[in-house]
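J.: Generate the whole structure from the sequences, applying the supplied hints.
Note that the protein sequences, when read in sequence, are chains A and B. So the number in the working numbering is just where the residue sits in the first sequence, counting from 1, plus 12. So the number in the working numbering is just where the residue sits in the second sequence, counting from 1, plus 2.
Hints listed in this document are in silico derivations from the structure and should not be mistaken for laboratory results. Be careful, since some hints might not be right.
Said to hold, decoys possible - If you want the ones that stay clear, here's a sample from chain B, every Cβ over 12 Å from chain A, calculated:
| hint | residue |
| --- | --- |
| 1 | Q92 |
| 2 | W97 |
| 3 | R193 |
| 4 | R215 |
| 5 | E218 |
Stated by the list, open to error - Subject to a maximum C-alpha distance of 27 Å in a straight line, what follows is the list of computed DSSO-like cross-link-like pairs (lysine-lysine):
| hint | chain 1 | residue 1 | chain 2 | residue 2 |
| --- | --- | --- | --- | --- |
| 6 | A | K56 | B | K38 |
| 7 | B | K162 | A | K20 |
| 8 | A | K20 | B | K180 |
| 9 | B | K180 | B | K162 |
| 10 | B | K38 | A | K79 |
| 11 | B | K83 | B | K38 |
| 12 | B | K162 | B | K83 |
| 13 | A | K56 | B | K212 |
| 14 | B | K163 | B | K83 |
| 15 | B | K162 | A | K56 |
| 16 | B | K83 | A | K79 |
| 17 | B | K83 | A | K20 |
| 18 | A | K56 | B | K180 |
| 19 | B | K163 | B | K180 |
| 20 | B | K202 | B | K163 |
| 21 | A | K56 | B | K202 |
| 22 | A | K20 | B | K202 |
Built from N, CA and C at the ideal position, the CB exists for glycine as well.
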Amino acid sequence: MNCRRVEKLMPLYVEDDLQPALATRIASHLEWCGRCNWLADEYKESQSWLRASTPPELDRALLDSVKSGALAQIAANSQRPSRWAAFAEHWNRRQMFALSAAALVIVATFVVYLYQTRMKDVRRIESVLKAPDEVPRIDRSPDLNIAPQTALAASLQPERSVRKRIRHSLKGFARADGATEKEELDVAQSQAPVVQDAQSPALSNDSKDMLRIEIQTRDPLIRIIWFAPRESDSPPTKPATD
Amino acid sequence: MPVEVADIALMTDSLGLGDSSPNLLSSLAPVIERAKAGDMAAFEQIIEHHQRRVITTAWRMLGNSEDARDAAQEVFLRVYKYLRGFRSDQDFAAWLYRIVINVCRDHARTRSRHAGFASFESEQERGSFDSLASTGNAESEMIRAQQRAMIDQALNTLSKKERAAIVLRDLEGMSTEKVAAVLGSSQTTVRSQISSARAKIKKYRERVLKQTRRME
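T.: Laid out in structure tokens, this is it:
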């Protein structure tokens, strides 16, 4: 054990506040280290100086005054009515009834407000989940070789915020009924078809040789639309995503 | 004075300042139970038994006789208020000390004028316990009062937690375990506070000694 560590432990060593094993190590260090010995003596002197202060003498009159003062305060406190009693004595029975009724109405209004706010959220989420077709489609461009990037970006922008809102709301729901967020999303996704193969009426009018393929991803708000020529051996065109 | 009160007072005097030996505490257990039931005579016995130690500890914590007196009254008021919540398996002395420490902390917080140290002169002006109980010669009283004031100044260099720990451990003679129970801290924390407090007091004493030598 070095002097630095002994110096740190010295305030506890001088009053036997250390574990015996540690105290023995310090004692063996003190046997040969003069500087630490000197430090130990200083601490011992400081401690005896602190203890030299005798407690103040308390005479009978002082003790009696403390005792009588305490008992007088207790008596005064026990005679003083409680806060509720002090509050109630200013009101008669009819006023107390009216006050209680008013408090009850306020509480009930607050509860109804909370319930309605929650139900509003539920309805909004249900409407979003049950109507995935409301997501705008990108089939306005008759020219199939040009990807409508601008329209795609514009249509995706609001969807992201909607998706965030749904996730946020679903967190609250998961807590309410014990289901996790992931389970809720899975339920929502299972309601949407995974793969859809249909021909767009617009395309059938403009280009009858093209096939429109719609793929609904697991996310109800993302749908991949694919246009391919009707010939089986020709390569498909670039996919567009909405 | 009822017979029991006289007995308790006699025992207290013979054992020093509120000795809390197991035998005495076991003899106090029925008194505490009666006080819990609302017996005021029993509560008076509790005050009689503990007031010396409560006042002394409060004085060491606050460094001021007036505040110590007020704090002691507040302590017994709180004891009366919360005695029903005291469980018989608890250590009454530790429970009481916790109240004393809390009351002293509240006093120190509310009265900012006592945040600074109580100098020897100010203590003399206000009138300490010794001036009330002075029987010896004036010179020795002055020396003792001066020494107390110096020690109080040394204690004022400590933080509130360190002061509470050192007062209970070194001046009240409690074990570290009991100090930890009273302060609601771990033993390691209490050891750390005690260590720091002893180092600060040693430093303060060295500074005072240097000043004294320079003046001589």
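J.: Now tell me if each hint is right for this structure.
T.: Status of the hints after comparison with the structure:
1. Q92: Non-interface label on Q92 of chain B holds, nearest chain A Cβ at 21 Å vs cutoff 12 Å.
2. W97: Its Cβ never comes within 12 Å of chain A, the nearest being 17 Å, so this holds.
3. R193: 6 Å, violated
4. R215: 15 Å, holds
5. E218: About 18 Å separates E218 of chain B from the closest Cβ of chain A, which puts it past 12 Å; holds.
6. A:K56 <-> B:K38: Outside the cut-off at roughly 44 Å; violated.
7. B:K162 <-> A:K20: 22 Å, holds
8. A:K20 <-> B:K180: 23 Å, holds
9. B:K180 <-> B:K162: 18 Å, holds
10. B:K38 <-> A:K79: Judged against 27 Å, a Cα distance of about 18 Å means the pair holds.
11. B:K83 <-> B:K38: Distance ~10 Å between K83 of chain B and K38 of chain B Cα, so the pair holds.
12. B:K162 <-> B:K83: 25 Å, holds
13. A:K56 <-> B:K212: 18 Å, holds
14. B:K163 <-> B:K83: 25 Å, holds
15. B:K162 <-> A:K56: Holds, at about 23 Å.
16. B:K83 <-> A:K79: Holds: K83 of chain B and K79 of chain A sit about 15 Å apart, inside 27 Å.
17. B:K83 <-> A:K20: Not OK: K83 of chain B and K20 of chain A at ~43 Å, beyond 27 Å, violated.
18. A:K56 <-> B:K180: 23 Å, holds
19. B:K163 <-> B:K180: Distance of about 15 Å is within 27 Å: holds.
20. B:K202 <-> B:K163: 13 Å, holds
21. A:K56 <-> B:K202: With Cα atoms ~14 Å apart, K56 of chain A and K202 of chain B stay inside 27 Å; holds.
22. A:K20 <-> B:K202: Cα-Cα ~13 Å, so holds.
In this structure, the earlier hints numbered 3, 6, 17 are contradicted, and the remaining ones agree with it.
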